[in-house]
Amino acid sequence: MALVQNLPFLSILLSLFAGPLSSIISGKKAKWVNLFVITVVGIMSAAVLAFVLRSGEPYVYMMGHFPAPWGNEIRVGVLEASMALFFCIIMFLCMIGGSLERMLEIEESKENLYYVMVNLLLCSLLALIYTNDLFTAYVFVEINTISACGLIMIRQNGRTIEAATRYMIMSLLGSGLFLLGVCFLYDLTGHLLMSNIQESVRALHESGKYHVPLLVTISLMSVGLAIKSALYPFHAWLPDAYGYSTLSSAAILSSLVSKGYIFLLIKIFYRVIGFDIIRDSKVINVLFIFGIVGMIMGSVDAIQESNVRRMIAYSSVAQIGYIYMGLGLGTTAGVLASVFHIVSHAATKSLLFVAASGLTDASGGSTDFFDLTGAGYRNKVAGVAFTVGSLSMVGIPMFAGFISKLMFAQAGVESNHKMLLTLVALAISTVLNAVYFMKTVIRIYTPEKREVLAKKNFRRITAADQPAKTVALVCFVVLNLVLGIASEPIVKLFGQGLSMFS
Amino acid sequence: MDLANLLSNYEEAVAMILFGIGFSNLLLQKNLIKKIIGLNIMDTAMYLFLALKGYIEGHKAPIVVDGVQSVEAYINPIPSGLVLTGIVVSVSVSALMLSLTIRLYRRYHTLDLDEITTRLKKEGL
Numbered sequence: 001m002a003l004v005q006n007l008p009f010l011s012i013l014l015s016l017f018a019g020p021l022s023s024i025i026s027g028k029k030a031k032w033v034n035l036f037v038i039t040v041v042g043i044m045s046a047a048v049l050a051f052v053l054r055s056g057e058p059y060v061y062m063m064g065h066f067p068a069p070w071g072n073e074i075r076v077g078v079l080e081a082s083m084a085l086f087f088c089i090i091m092f093l094c095m096i097g098g099s100l101e102r103m104l105e106i107e108e109s110k111e112n113l114y115y116v117m118v119n120l121l122l123c124s125l126l127a128l129i130y131t132n133d134l135f136t137a138y139v140f141v142e143i144n145t146i147s148a149c150g151l152i153m154i155r156q157n158g159r160t161i162e163a164a165t166r167y168m169i170m171s172l173l174g175s176g177l178f179l180l181g182v183c184f185l186y187d188l189t190g191h192l193l194m195s196n197i198q199e200s201v202r203a204l205h206e207s208g209k210y211h212v213p214l215l216v217t218i219s220l221m222s223v224g225l226a227i228k229s230a231l232y233p234f235h236a237w238l239p240d241a242y243g244y245s246t247l248s249s250a251a252i253l254s255s256l257v258s259k260g261y262i263f264l265l266i267k268i269f270y271r272v273i274g275f276d277i278i279r280d281s282k283v284i285n286v287l288f289i290f291g292i293v294g295m296i297m298g299s300v301d302a303i304q305e306s307n308v309r310r311m312i313a314y315s316s317v318a319q320i321g322y323i324y325m326g327l328g329l330g331t332t333a334g335v336l337a338s339v340f341h342i343v344s345h346a347a348t349k350s351l352l353f354v355a356a357s358g359l360t361d362a363s364g365g366s367t368d369f370f371d372l373t374g375a376g377y378r379n380k381v382a383g384v385a386f387t388v389g390s391l392s393m394v395g396i397p398m399f400a401g402f403i404s405k406l407m408f409a410q411a412g413v414e415s416n417h418k419m420l421l422t423l424v425a426l427a428i429s430t431v432l433n434a435v436y437f438m439k440t441v442i443r444i445y446t447p448e449k450r451e452v453l454a455k456k457n458f459r460r461i462t463a464a465d466q467p468a469k470t471v472a473l474v475c476f477v478v479l480n481l482v483l484g485i486a487s488e489p490i491v492k493l494f495g496q497g498l499s500m501f502s
Numbered sequence: 503m504d505l506a507n508l509l510s511n512y513e514e515a516v517a518m519i520l521f522g523i524g525f526s527n528l529l530l531q532k533n534l535i536k537k538i539i540g541l542n543i544m545d546t547a548m549y550l551f552l553a554l555k556g557y558i559e560g561h562k563a564p565i566v567v568d569g570v571q572s573v574e575a576y577i578n579p580i581p582s583g584l585v586l587t588g589i590v591v592s593v594s595v596s597a598l599m600l601s602l603t604i605r606l607y608r609r610y611h612t613l614d615l616d617e618i619t620t621r622l623k624k625e626g627l
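Residue numbers (this note's numbering), protein chains in the order written: chain A, 1 to 502; chain B, 503 to 627.
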């Protein structure tokens with residue numbers, strides 16, 4: 001076994017131990033430890049990715065000394081390694097972009113606790129990506145929820161505590177259903193390792209026995225994870241949680257936390273149950289419908305919102321809808337589009353959150369839509385970045401969002417029954433996206449009267465005032481352009497990963 | 503035949519009914535403490551279900567004392583392990599929920615989540 005094959009396990013372990021370590025050191029040191037951990041984990045993931053690409057096949061890493069049906073396993077393929085690398089990049093940029101807000105909004109004595117949460121979140125995301133054991137996945141789902149809750153409530157005001165409570169309640173309902181599904185599956189198959197479960201499920205499916213319990217299990221797990229990732233009717237907690245928590249929390253929550261659950265769901269579809277059985281079960285049709293409703297309703301809610309951060313949060317609901325629509329198409333092309341959208345949405349949404357905070361800084365901290373008038377002139381970098389993010393969300397060529405919309409449309413055309421509905425929903429949703437994002441872009445580039453500026457005491461913000469945020473924004477913009485222009489190798493990479501996923 | 507199946511597996515049926523009770527309490531109750539009680543009923547129902555699945559009639563707990571190593575003597579230990587792990591998770595989650603409840607109660611002097619939401623909207627924060 002090559003040394004590099006140990007790295008996925010070591011990266012999980014490193015971020016896990018960085019959590020408790022942060023609790024005993026000062027906030028400033030914890031910040032550097034955190035950045036260091038994210039960087040190291042990113043480098044490790046890149047090395048693993050290079051290794052898996054070279055060997056061309058996934059490998060299984062045995063944890064402890066017990067072989068397959070009994071022990072615990074990590075399974076690493078191209079898709080897992082590239083997701084881990086990508087999540088590290090996004091998380092690093094989110095942490096840099098929000099460093100100023102963290103200093104202002106978090107009590108100094110509690111600052112190190114924030115990094116405990118971030119490290120544990122990274123650990124649980126990595127574990128969700130790599131694990132090959134269903135019960136381990138459940139445990140890390142819970143760790144993910146708890147640390148995400150900590151990220152929301154670290155900024156202490158009534159709104160965030162209420163949002164954290166609502167988030168916990170929704171998440172617990174979701175994980176309750178998911179755990180029930182896991183128990184049923186264990187009961188039906190007698191295994192907890194994903195590959196072993198799939199063998200048994202296939203045998204069950206072919207013999208035609210336990211058809212209804214299997215269906216119930218699939219729906220329990222899908223619904224559980226859909227609730228946790230805020231699919232449309234379960235999104236009530238989301239606007240408050242994203243809108244009022246501190247900036248890096250909002251960016252990380254919207255771009256990574258929900259994506260971890262969706263990645264687990266894709267993994268369950270492919271590796272635990274088998275994608276053809278899932279397709280036969282019709283459960284994905286339900287996800288498809290909810291995805292489409294979410295795409296439209298999320299945008300409608302966003303149009304009515306006057307708080308710009310809540311608007312971006314509602315747009316997340318719509319984008320999660322896209323991902324579930326892609327899963328619901330029931331074709332490999334659809335899932336590939338969803339995987340690409342996980343990446344492109346993560347890159348775009350965190351960009352939008354950071355850019356919006358740059359704009360609100362130039363408007364006296366107000367998140368109100370009308371106070372943003374002319375903010376694009378007062379903070380030039382943030383203005384350009386917000387425009388890039390908006391164009392990407394609407395789906396203008398050259399940006400990441402265009403590629404994912406194109407892939408969704410192509411996947412939709414391939415599928416016979418769902419073609420019309422997919423294309424119509426994509427068209428309507430794109431128009432709605434354009435309505436609220438272009439409205440905001442026009443607003444931030446509408447010059448404000450001099451006397452109003454003087455009265456409200458809005459000031460200009462240059463790149464030198466907020467160096468960290470500027471760097472993060474530039475990196476985000478570059479990332480978006482890379483995803484939009486050089487999409488072909490990335491899509492190929494994900495396609496290769498998906499083919500070796502099951 | 504279905505009914506006979508249900509009756510012979512009445513333990514599982516009880517576990518599922520308890521799960522339903524807990525789930526609907528967590529979802530529908532307004533009072534935060536009652537929600538947390540619902541959460542605990544839900545989790546406990548799951549542990550009951552798991553423990554039932556691991557139990558084999560007439561077999562003992564899987565602890566080797568008299569040197570008996572035959573598989574026939576013991577029940578399946580994995581569900582018990584899962585229950586233990588699950589208990590740890592649900593303890594920490596309940597603790598977190600309770601601490602959130604305390605925070606909310608100190609701020610708003612009520613345990614009614616809907617009332618807190620209406621007040622927040624009035625504050626317009």
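Some hints could be false.
Stated by the list, open to error - Pairs of lysine to aspartate or glutamate, EDC-like flavour, derived with a Cα cap of 16 Å: (1) A:28 x A:105; (2) A:28 x A:107; (3) A:209 x B:616; (4) B:555 x A:57; (5) A:456 x A:368; (6) A:439 x A:368; (7) B:536 x B:625; (8) B:555 x B:504; (9) B:623 x A:305.
Stated by the list, open to error - Pulled from the structure, derived: some chain B residues nowhere near chain A, Cβ distances all over 12 Å: (10) 510; (11) 551; (12) 566; (13) 570; (14) 572; (15) 597.
Calculated directly from the structure, the hints in this document are not laboratory data. Predicted, not measured: the structure shown is a model, and the values here were computed from it. Just so it is clear, CB atoms sit at the ideal spot from N, CA and C, and this is done for glycine as well.
Notebook entry, point to check: Which hint numbers does the structure go against, in order from smallest to largest?
Noted result: 3, 4, 7, 8, 11 and 15
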